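With chain R's structure known, arrange chains B and U on it following the hints.
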Amino acid sequence: MSNVIAEPQKKEKEYSTLNLGPTHPATHGIFQNVLKMDGEIIMDSEATIGYIHRAFEKIAEHRPYYQITTLTDRMNYCSSPINNMGWEMTVEKLLGVEIPKRVDYMRIVIMELARIADHIVCNTVIGVDTGALSGFVYMFQWREKIYEIFEEICGARLTTNIGRIGGFERDFSDKSWKQINDFIAEFPAILKEYEGLLMRNRIFMDRTIGAGPISPELALNYGFTGPNLRAAGVDYDVRVMNPYSSYQDFDFIVPVGTKGDTYDRFQVRHEEMKQSQSIIKQALQKLEGMKGGPHHADVPAFYLPPKDEVYNNMEALIYHFKVVMGEVDVPVGEVYHSVEGGNGELGFYVISDGGRAPFRVHFRRPCFIYYQGYADMVKGSMLSDAILTLSSMNVIAGELDA
Amino acid sequence: MEFIIYKIILISAVLGLTLLVAMYSTYAERKVAAFMQDRLGPNRAGPFGLLQPLADGIKMFMKEEIIPDVSNKVLFVLGPCIAMVTALMTGVVIPWGPDLIIGGTHYPLQITDVNIGVLYVFGVVSIGVYGIMIGGWASNNKYALLGAIRASSQMISYEVAMGLSIISIIMMTGTLSLREIVEQQAGAHWNVFYSPLAFIIFLICAFAECNRTPFDLPECETELIGGYHTEYSSMKLGFYLFAEYINMFISSAIISCVFFGGYNFPGVDSLGLSNNIMAFLHAGILFGKIFFFIFFFMWVRWTIPRFRYDQLMNLGWKGLLPLSMVNIFITGIVMYLAGKL
Amino acid sequence: MSTPADYLPILLQFIAALGFVVLTIGATHLLGPKRHTNVKNETFECGIESVGNARVPFSIKYFLVAILFVLFDVEVIFMYPWAVNFKSLGVRGLIEMFMFMSLLLLGFFYIIKKGALKWE
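Residue numbers (the working numbering), protein chains in the order written: chain R, 1 to 402; chain B, 1 to 341; chain U, 1 to 120.
Honestly, I wouldn't trust all of these hints.
Stated by the list, open to error - Beta-carbon label-pair distances, calculated as ranges:
| hint | chain 1 | residue 1 | chain 2 | residue 2 | range |
| --- | --- | --- | --- | --- | --- |
| 1 | B | Gln184 | U | Thr3 | 19 to 25 Å |
| 2 | U | Phe20 | R | Glu46 | 45 to 51 Å |
| 3 | B | Phe280 | U | Leu23 | 28 to 34 Å |
| 4 | B | Lys59 | U | Val74 | 53 to 59 Å |
| 5 | B | Gly104 | U | Leu8 | 29 to 35 Å |
| 6 | U | Val74 | R | Met205 | 32 to 38 Å |
| 7 | B | Lys59 | U | Val39 | 22 to 28 Å |
| 8 | U | Val74 | B | Tyr336 | 57 to 63 Å |
| 9 | U | Leu106 | B | Lys59 | 34 to 40 Å |
As the list claims (entries may be wrong) - Straight-line C-alpha distance at most 25 Å; calculated SDA-like pairs for lysine to any residue:
| hint | chain 1 | residue 1 | chain 2 | residue 2 |
| --- | --- | --- | --- | --- |
| 10 | B | Lys73 | U | His29 |
| 11 | B | Lys73 | U | Arg35 |
| 12 | R | Lys36 | U | Tyr62 |
| 13 | R | Lys281 | R | Asp104 |
| 14 | U | Lys61 | B | Arg212 |
Rather than coming from a laboratory, the hints here were simulated on the basis of the structure. Being a predicted model, the structure only gives us computed values, none of them experimental. Here a beta-carbon is modelled for each residue, glycine too, at the ideal position from N, C-alpha and C.
Pulled out of the complex, with its shape left as it was, chain R reads as follows (with noise of 0.2 Å):
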C-alpha cells in the first residue's frame, strides 16, 4: 500500500492560457505558441509546429536533381535565390564540378541582393510590430526593386529559381545590369532614412533593448547560426568560415552583437545590409572585366542543346529528352554543403545512390533551429516582448516547417 495519506494540496497561481497563433498576426505564418500569462507577463510557453509541413525532404526523394529548386525555393521565400543557389551548389559538389569565376560572382550578387531583400522584410516586421508601419511600406518599395531585378533576370519574382545546376541558363540582359548598379547607388541613402527613422528612436530602443536575449552558449547550444547568432556575440559566418562560391575573394565585416536581444539583432541585419551592398559593389567590378565569359559550367547534363539541333540532329533529341527527364548519372555518394542564408547556416545533406533522384535529402533549416530555443528566450518576458522577439529572429514559416 502506498501512500494512503493525501498530500497537502499545493495552492498554484492560475494563469491564463493565450494561443499566439496558429493565425495570428504576429506569428507571419502558420505556427503556434501557446502561452501561459500572468497578466501581461509570459510564465511558459510552449511552441508548436507542423501546421505547413509539406514534406519537402520526402518529395525530393522522388525528384530529378534540377527540379528540387522549387521545393527549396518555398522555404525561406523572403530568399530564395539563396536557398536555390545554396541547392545547386550542392549537387555540383556531388557532380564535382567545376564553376568559372564569374558565375561564382554573378551568384554573389543575386544572394547579396536576395540578403538585402530579406533583412529589408526582418528588420521593417520588427518596426511593424512596435507600431511603426511606415518603415516597413517606405522600404518595401527597395524590395520591389530586389524583385524588379530578378523579374527582369529571370522572370519570377519571390520564388524565383534564378540559378541552374551549373550557373544560369542565360546572361543577365544589360537591363539588368543597369538595375543593379542603380539600385547599389540609390539604396545606402534610404537604408540610411530608415536608420534616422529607428535605429536612435528613444521609444524603439526602450522597446527592443533587452527584449529577448540569448547567451552565446545558450545560442550556440540550441545550434543558432545567422545574423541571430552574431547578435548574441559569436562572429559564425558560413562565408567567412568554410567560403563558397568564391567569398573568400571578396572583403567584407561581419557584424557582431553583444546582447544577442532584439535591438542587437536590429542591428546586425542592419549593419549586414550595408556589408552586402559592399559585397555586391565589388563583386561588379570584378564583373566588369569579365564581360561576355562564360554565364555556366560545362555540365552539358543539365543545360538543354540548341533548338534547331533538337530539331535536326538525333544525338540532340534524345540529350534534350535525357534532360527533360532528369535522366541523368550522378555518382554515389554523400554530400553536405551549407550557405550563409538570409536567416543563418542553410544546409543540405543529401545522399546519392547514382539514381535519377536523391536517396534521402535533408534540409538544415535555420528557422527550425531557431524556434526551439523560442520558448526559453520568452519565459518571464512581457507579452510585446515575446512578439518582437519573434519577428527579430525571422522565423518564417515556410522554413520552419519544410
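Frame of chain R; chains B and U shown alone:
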C-alpha cells in the same frame, strides 16, 4: 421655445459637423499615411478618392452582424453604443465662436456654456472607458479582454495626470467654463505660453485617452489581433473606430480652446468686419487649429513606434503624474511672485 | 452663473446622440445579411478551438491600478474648487494646498516604494 429651437438647430449642426469631420478624418488619415509612406492612398471612389469615407460607411451598414454565441449579447451591443454616445456628448461645451447677433438677439456658437465645462468633459470622457471595457469583456475572447483591460488601465492612469495638468490653467484663469477660458486668451495671451509644461502633459495624455500611437496598445494588431474590438463587425466595429476619430477631433478642439486661444487669433479683431462675419471667421480659425492638431495626431501615429505596457504605465504614473504636480507648485509660486495673488 | 436651463441642451444632445446610435444600429441590423453558422459565431482564437472561458481570474495588478486611480482622482477633484478660487484664497490657500499636495506626494512615494507600480 425659440431658445430650444435654436439649440436644436445648433445641436444638429454640431452633430453633423462632428460626424463629417470624423468621417473625413479617416480619409485624411489614409492620405497622410500614404503621403508619409510615399504612396497614393485612396483615389478610386470619386475625385481624389473623396467619396471613400462614404463608401466605407455604406459598407459598414451592409455588413453582416456577427455576435459570438458565447458572448453576453446585451453588453456586446451596448459597448460600442456607449463609446459612440460619449464621444458625441463631449462636443456640447466647446465654444465654436463668438455670438452671432441676428435682429438684436445674441446667438452663442456654443451649445451650452456651463460653468463646469472642463469637469463635464472629464466626466464624459471617463464614461467612454466603459464602452471599451464592456465591449471587450462581453466578447468573451481572451485578446479582447486583454485589450479591454489594457485600455481601461491606460485610460484611467492618464486621466489622473490629465486632470492634474489642467489645474495650473484653472489656477490662472479662475474658471472652469471653456468659453471664459477662451475669452481670457484674446489676442496672443495663449495659455501655452504661460504654462507650456501643462500643455505637453495634456497633449501626451490626450494621445493616451484617444488610444492613438504611441499609446495604441489596446488595439495593437500585432499583439492582440484587434484588441477590444476583435469580435466586432459591421457598424458596431464602425462605432468603435468612429468614436476614436470623434475623440481625436474633440481632443484637438479642447487643446485648441484651453491652450491655443480657441477661436482667437492676434490681429483678427482689428480687421473691422461686421459681427456675424467675424463670428464665422473666428469659428474658421478654431477649425484651422483643430485640423492642425488632428494632423499632428496622424503625423505622430505614422512616425513613431508604440510603448510596451510597463513603459506606458511608468510614464503615466512615475513620469507625468509627479511632473504635473510639480507644475502646480511652479504655477503657484510664480503667480505668488508675480503678485497675482 | 449657470442655471438649470443651461443643462437642458446637454439633455437634448444626449437624446440626439442616442437617437443617432439607435437608428444606425437598427439600420445595420435590418440591412446586413444574416447567414449565421456555428463556426462563424465562435470567438476568435487564432484559428483553433478556444481553450476554456475567457472569464478567468485575472492578474491583481490591473485591479491595483484601478484602486490607485480612485484614490488619486478623488484628490484631484478636491483640487478643482481650490484652483478656481485660487486667486481669492491668497497665500494662505497656496500654503494649505501645498501641504495637501505634499501629503499626496508622500503617499505617492510610499506606493512606488511598496512596488505597487512594478510590472516585472
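Practice problem: For the pair we were handed, R:Lys281 and R:Asp104, check the Cα-Cα distance against 25 Å. | Solution: holds, 14 Å
Quiz item: For the pair supplied as a hint, R:Lys36 and U:Tyr62, is the alpha-carbon distance within the 25 Å limit?
Solution: Holds, because 17 Å separates the two Cα atoms, which is no more than 25 Å.
Quiz prompt | Given pair status - U:His29, B:Lys73, alpha carbons within 25 Å | solution = Cα-Cα ~14 Å, so holds.
Quiz item: Regarding the pair B:Lys73 and U:Arg35, is the alpha-carbon distance no greater than 25 Å?
Solution: holds, 17 Å
Quiz item: Taking 57 to 63 Å as the hint, is the beta-carbon distance of U:Val74 and B:Tyr336 inside that range?
Solution: violated, 27 Å
Practice problem: Starting from the range 34 to 40 Å, see whether the pair U:Leu106 and B:Lys59 falls in it by beta-carbon distance. | Solution: The hinted range 34 to 40 Å is violated for U:Leu106 and B:Lys59, with Cβ atoms some 55 Å apart.
Quiz item: Do B:Lys59 and U:Val39 keep their Cβ atoms within the hinted range of 22 to 28 Å?
Solution: holds, 23 Å
Practice problem: Using the Cβ atoms, figure out if B:Phe280 sits within 28 to 34 Å of U:Leu23. | Solution: Given about 30 Å between the Cβ atoms, the range holds.
Quiz item: Straight-line Cα separation of U:Lys61 and B:Arg212 no greater than 25 Å?
Solution: holds, 23 Å
Practice problem: Take the C-beta atom of U:Phe20 and the C-beta atom of R:Glu46, compute their distance, and say whether it sits inside 45 to 51 Å. | Solution: Once the Cβ atoms are compared, 47 Å apart, the range 45 to 51 Å for R:Glu46 and U:Phe20 holds.
Quiz item: B:Gln184 and U:Thr3, beta-carbon distance inside 19 to 25 Å?
Solution: At roughly 22 Å between Cβ atoms, U:Thr3 and B:Gln184 fall inside 19 to 25 Å, so the hint holds.
Practice problem: Just tell me: holds or violated, for the beta carbon distance of U:Val74 and R:Met205 against 32 to 38 Å? | Solution: holds, 37 Å
Checked against the numbered hints given earlier, this structure breaks hints 4, 5, 8, 9; the rest are met.
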